[in-house]
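*Asks:* Sequence:
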Amino acid sequence: MKKIISLFIIFLIFSCKGKNQNEINIDSHRSQIIDTSSQMKKQTLFRREDDLIDTRISLNLDCLYEENCKSTLLDTLFKEKDATYFIADYAGGTDCTDYYFHILSLFKSSKLKKVYLLLFDKDNFLRDTLSLSDKEVSLEVSFENNEKGIALGYIDDTNLHNVYFEITNFYKITNRIKFQSLKLDTKIKKCSLPLKFLSEEYVGIEDYFKYGVKK
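To convert, note that position 52 of the sequence shown is 52 in full-length UniProt numbering; the numbers rise steadily by one, no gaps.
Just so you know, the hints here were simulated from the structure itself, not pulled from any lab data.
Just so you know, not all the hints are guaranteed correct.
[Unchecked claim] The calculated lysine-lysine pairs, modelled on BS3-like cross-linking and capped at a C-alpha distance of 27 Å, are: (1) 172 - 215; (2) 215 - 190; (3) 113 - 190; (4) 196 - 111; (5) 148 - 108.
This one's a predicted model, so the numbers in the text were calculated from it and none came from an experiment.
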């Protein structure tokens, strides 16, 4: 009889241990689910802030070619409120048919805050944006490995017969139509005139144009 009671007690002890272990495993699984849910929520929130990239968007160019244009879509993209925008009457800049650019100026309280380069693919999907700060941009750069991209930098045009473009940044356009920063020692075959000089008043200036990388 004592043996039977002892065996029964041992059985209860192991049963309780197994139950506790199962509860621990269940709690651990629940924690993993909660953690995963939180991570997914964070990812979802991050995606919502970025949801205009890689989507087809239609810019109201009739408005944006004029000063003081308001755009809820662009406010969302740049996380602004009640800003005004202006796009130069210009698109393109390269001999590539896979993508094109828009130069967008953002104003707050009638003061220029930032200038962005918008990169679109041929199907009008917005693929990337790049802040130009106070720099000039050449939209057509050919690298030695046959890749194409852009260059940012500063212009010394105090003498229009000796114009110099000091390059501070290189970006290539990837196969996915994105900006990818390159090292300044990347070898280039060609750097076209910066956007500033692509107007009739500067016809012939390419004969006096030189460029180099900032040292």
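*Asks:* Hint by hint, say whether it matches the structure.
*Replies:* Against the structure, the hints come out as follows:
Distance restraint check for residue 172 and residue 215: the Cα-Cα separation of roughly 20 Å lies within the 27 Å cut-off, and the hinted pair is therefore satisfied. Of the supplied pair hints, the one linking residue 215 and residue 190 holds, its CA atoms being roughly 19 Å apart against a limit of 27 Å. Distance hint between residue 113 and residue 190 is unfulfilled; the C-alpha atoms sit about 31 Å from each other, more than 27 Å. Between residue 196 and residue 111 the CA atoms are separated by roughly 20 Å; this keeps the pair inside 27 Å, and the hint holds.
Between residue 148 and residue 108 the CA atoms are separated by roughly 34 Å; this puts the pair beyond 27 Å, and the hint is violated.
In this structure, the hints that do not hold are numbers 3, 5, in rising order.
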